[in-house]
Amino acid sequence: MIEAELSRSVVRWCRGATGVTGAAKLSGGASQETWRFDIVHPDGPIGAILRRSPKGYGAAPTRAAGLAAEAKLMQLAFEAGVPSPRVLHVLVPEDDLGTGFIMQRIEGETIARKILRDDEFATARPLLARQIGGILAGLHKLPQNRLPELRYMTAAKEIGEFERDYRSLNWPKPVFELALRWLRDHDPGPAAETTLVHGDFRNGNLIIGVDGVRAVLDWELAHLGDPMEDLGWVCVNSWRFGEIDKPVGGFGTREELFAGYEAAGRKVDPERVKFWEVMGTLRWGIMCGGMMQRFRESPDHSMERAMIGRRASETEIDLLRLLAPRGS
Amino acid sequence: MQDEPTPIELTKAVADFLRNDITPLISGHQAFKLRVAINILDLVTRQLTREEGSDAAEVERLRALLGIDGSVTDLNRALADRIAKGEIDLATPGLAEHLWATTMDKLAVDQPSYASYKRELGRGG
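From first to last, the protein sequence lines are chains A and B.
No gaps in the numbering here: position 274 of the first sequence is 274 in this note's numbering, and each next residue is one more.
No gaps in the numbering here: position 26 of the second sequence is 1026 in this note's numbering, and each next residue is one more.
Next up, chain A with everything else stripped away, as it sits in the complex (with noise of 0.2 Å):
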């Protein structure tokens, strides 16, 4: 049980700490886990995340940052004032947990239908694009030099990166071939200024609560680049969940995104960000055909896998209305 590896590991970093309860996974793929649990302790329980490779995963796909440098991103996002959980702990060998580290368990939001929906999130609702924006100014000003090793990545290395995926799945779809030709065509060049992009900035990977913002997870796709790109993705119209008209995420309008960004002292170029909504949104549509690929492949036959293979469509109409719109 990893109560028992939890508990050791716990006492030994935590002073006070004489255990933990509530064990539960919450997540977890062949290779990275999300579990939930309590420390117990003296003063009451500390709610905490566990974030692992299991012993014997420990490579990262090669896009990801790495258990060890989202660790480091989101102390220093916390430092910073970004919302974001505290680290409590990163792993090491004797915690016979695998490698990963431990967080404050943030109480609010992820799933991004409930956020726009529910009642209880209405009166932050029409708070979040500005603050969204003022999020993410402070996510791109975290100092250069205090951040762990991470990937440049420019647009072309990008397209470059999507037209590969895309041609591996032999899965030819004219509106995807369109839109590469449409980014090659309009690749603005390398931005004047990189910065550190999130890379899933995004409705659903933001715990909310009825305050607003509370934490930015899933920093695993963190890489150097384009700050723009972080604009662009959190508009993609897949992360709008309905909410066609709000561009971002489903909340709110982009003059309050970009208004948000430049009141913490950026500036915004929006051709860019807009060149990377388009970028974001045939993104998504390829990584829609690698689900079709995985159903295929492995021996589960993942119903949802399968039908997320069918949403490709979606992004194959977002991206016609993007590039080549139909009178209003």
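FYI, nobody ran anything at the bench for these hints, they're computed from the structure.
Just so it is clear, the structure is predicted and the values come from calculations on it, not from any experiment.
Every residue gets a Cβ at the ideal spot worked out from N, C-alpha and C, and that includes glycine.
Incorrect hints may have been included.
[Claimed, not checked] In the DSSO-like style, the derived pairs of lysine-lysine whose C-alpha atoms are separated by at most 27 Å in a straight line are:
1) B:Lys1033 with B:Lys1085
2) A:Lys267 with A:Lys141
3) A:Lys274 with A:Lys157
4) A:Lys274 with B:Lys1012
5) A:Lys114 with B:Lys1085
6) B:Lys1118 with A:Lys114
7) B:Lys1118 with A:Lys274
8) A:Lys25 with A:Lys157
9) B:Lys1012 with B:Lys1085
10) A:Lys141 with A:Lys274
11) B:Lys1085 with A:Lys157
12) A:Lys157 with A:Lys267
13) A:Lys25 with A:Lys55
14) A:Lys25 with B:Lys1033
15) B:Lys1033 with B:Lys1012
16) A:Lys157 with A:Lys141
[Said to hold, decoys possible] Reference excerpt, derived from the structure (chain B facing chain A, CB under 10 Å, subset only):
17) Leu1010
18) Ala1013
19) Val1014
20) Ala1015
21) Gly1086
22) Lys1106
23) Asp1110
24) Ser1113
25) Glu1120
Add chain B to chain A, keeping to what the hints say.
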């Protein structure tokens, strides 16, 4: 020509059974997976219902656009290649209309409740 009931009638019968008789009996993660399973059967039923007509129209548009003949798969591959090579683009008469028609047909099967699709349907399909 195979026998009857037709595939459409069969998938529909299974989906209705799962929806009406099994859904009330199941909870938690299995209930979520059951919903996914029913969604799959509904999708297959929509595809079986529409595919013949939409494929025929797609092939006809592709033949006009490309000036060659072939299966819907072959013609899509040919169109993808020509777009990749820059021989056909949005300035080519008929391309945008073809991609829109084809994509609308896909959404009608894959995800008819997708908000972008419903918006575009409102423009006249």
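We went through each hint and held it up to the structure:
no.: 1; hint: B:Lys1033 with B:Lys1085; result: 42 Å, violated
no.: 2; hint: A:Lys267 with A:Lys141; result: 12 Å, holds
no.: 3; hint: A:Lys274 with A:Lys157; result: 18 Å, holds
no.: 4; hint: A:Lys274 with B:Lys1012; result: 42 Å, violated
no.: 5; hint: A:Lys114 with B:Lys1085; result: 44 Å, violated
no.: 6; hint: B:Lys1118 with A:Lys114; result: 21 Å, holds
no.: 7; hint: B:Lys1118 with A:Lys274; result: 23 Å, holds
no.: 8; hint: A:Lys25 with A:Lys157; result: 36 Å, violated
no.: 9; hint: B:Lys1012 with B:Lys1085; result: 43 Å, violated
no.: 10; hint: A:Lys141 with A:Lys274; result: 22 Å, holds
no.: 11; hint: B:Lys1085 with A:Lys157; result: 20 Å, holds
no.: 12; hint: A:Lys157 with A:Lys267; result: 24 Å, holds
no.: 13; hint: A:Lys25 with A:Lys55; result: 16 Å, holds
no.: 14; hint: A:Lys25 with B:Lys1033; result: 18 Å, holds
no.: 15; hint: B:Lys1033 with B:Lys1012; result: 18 Å, holds
no.: 16; hint: A:Lys157 with A:Lys141; result: 23 Å, holds
no.: 17; hint: Leu1010; result: 19 Å, violated
no.: 18; hint: Ala1013; result: 19 Å, violated
no.: 19; hint: Val1014; result: 14 Å, violated
no.: 20; hint: Ala1015; result: 13 Å, violated
no.: 21; hint: Gly1086; result: 7 Å, holds
no.: 22; hint: Lys1106; result: 4 Å, holds
no.: 23; hint: Asp1110; result: 5 Å, holds
no.: 24; hint: Ser1113; result: 9 Å, holds
no.: 25; hint: Glu1120; result: 7 Å, holds
Checked against the numbered hints listed earlier, the structure breaks hints 1, 4, 5, 8, 9, 17, 18, 19 and 20; every other hint is satisfied.
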